[in-house]
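Undergrad: Go by the hints and put chain U onto chain L.
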Amino acid sequence: MDATKTIYLNIAGFNIKINLKETEFKYFKEIKIEEIKKYWSSFFINNKPKKIDFTINFVERKNIETIYQTKSKKSFINFYQIKTNNIINSYYQCGPIQFQIILKQVLSELLNLRQGMTVHCSAVRFENKAYLFLGKPGAGKSTAMSLLSKKFSPLADDSGIIKKEENNYFFYQTPFLEKNSWIKKNNNKLYLGKIFFLRKKPYFKIEKIENKDYVIERMTKQLFSEKELGKNQMKTLLRFVSQFNGFYFLSFAKDQNKLIKLIDFDK
Amino acid sequence: MKKKIIFQKIGKKIMIFDSEKSLLYSLNETASYIWKKLRSRWNKKQIIEGLAKKYKVDGLKLEDDYNQIIKEIKKKKIN
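These protein sequence lines map, in sequence, to chains L and U.
For what it's worth, the working numbering labels the leading residue of the first sequence as 583, then goes sequentially.
For what it's worth, the working numbering labels the leading residue of the second sequence as -4, then goes sequentially.
Mixed in with the good hints there might be a few duds.
What the hints assert, rightly or not - Listed next, the in silico SDA-like pairs over lysine to any residue satisfying Cα-Cα at most 20 Å (straight line):
1) Lys817/L / Lys72/U
2) Lys16/U / Asn74/U
3) Lys813/L / Ser14/U
4) Lys4/U / Tyr751/L
5) Lys761/L / Pro736/L
6) Lys4/U / Arg800/L
7) Lys803/L / Tyr20/U
8) Lys817/L / Tyr20/U
9) Lys817/L / Lys(-1)/U
10) Lys817/L / Gly6/U
11) Lys761/L / Gly722/L
12) Lys4/U / Phe826/L
Keep in mind the hints are simulated off the structure, nothing from the lab.
Model, not experiment: these values are computed from the prediction.
Isolated chain L (complex conformation):
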């Protein structure tokens, strides 16, 4: 048996400690570290942080519990267990997809407590700010981001984190694997610039949205949520909509230069 090995991730300003606990199979640890490095290396931090927000333990379990549902002929595997409010145990046998699900759970817990939320959006960097694009599936989130990527660094294709810190709203990249794997991710934060609700039109136009009822209605549909919106999530959303004033409609067509010009002009 060898000792526990620890690595640290920093996601959306939260420090997550990952303990790779004792195992008879030493190479399990190496495999797990390589796996996490492969997909989440840009969220690694080398030095032990002063404060740990959440701990994920990888523990040895020779037999993984499964449940077989006779009626549906489905087999369910137990891949994590919540130990306390800020500790989850998982198992070496679980792969990156399962780890991503755990990260979603962890982030959801942490963001709920700290005025943050994960939204379905694409995003680009505009100077030191993040511009977010929201819309129903097929509204053009990926298209807008791809068209703008010629001039503005892409930040997200499918999801982003909005978080309040010291009276300002910031954007963080999520650690989730997205459609366009070429988007470079890291744990930096950017000021939240503008939020655009997309409209595919044959013309180009930006209009400020004054009707916040509309914003709330649209944003509740864009929140990442495992189940129905909880009390904390809605509280965060309502507070955000009341305090943030950068909501716009963006009507656009597939013309890269015109879209870039419009966004650039609307500083």
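TA: Here is chain U on its own, set in the frame of chain L:
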């Protein structure tokens, strides 16, 4: 107030979320005023007088509005 209810003032309106039913209510300006004053334990007379002063309207004309809004608040259990 019910424990499962949260509210937020947005501009002149109040949004109320009933997390038990997962329903979001958006109160108009008058309803927001009445709801807010009910929480401050104002009585009917005080609220109607307050509304009349705020909107420079005859208090008698406001009573129907008040009753209607109170009925809705009670029906939706968001008081």
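Undergrad: Could you run down the list of hints and mark each one as holding or not?
TA: Each hint tested on the structure:
1. Lys817/L / Lys72/U: 19 Å, holds
2. Lys16/U / Asn74/U: 15 Å, holds
3. Lys813/L / Ser14/U: 5 Å, holds
4. Lys4/U / Tyr751/L: Distance ~18 Å between Lys4/U and Tyr751/L Cα, so the pair holds.
5. Lys761/L / Pro736/L: 13 Å, holds
6. Lys4/U / Arg800/L: Given that 20 Å is the threshold and the Cα spacing comes to 18 Å, the pair holds.
7. Lys803/L / Tyr20/U: 16 Å, holds
8. Lys817/L / Tyr20/U: Given that 20 Å is the threshold and the Cα spacing comes to 13 Å, the pair holds.
9. Lys817/L / Lys(-1)/U: 11 Å, holds
10. Lys817/L / Gly6/U: 16 Å, holds
11. Lys761/L / Gly722/L: 14 Å, holds
12. Lys4/U / Phe826/L: 13 Å, holds
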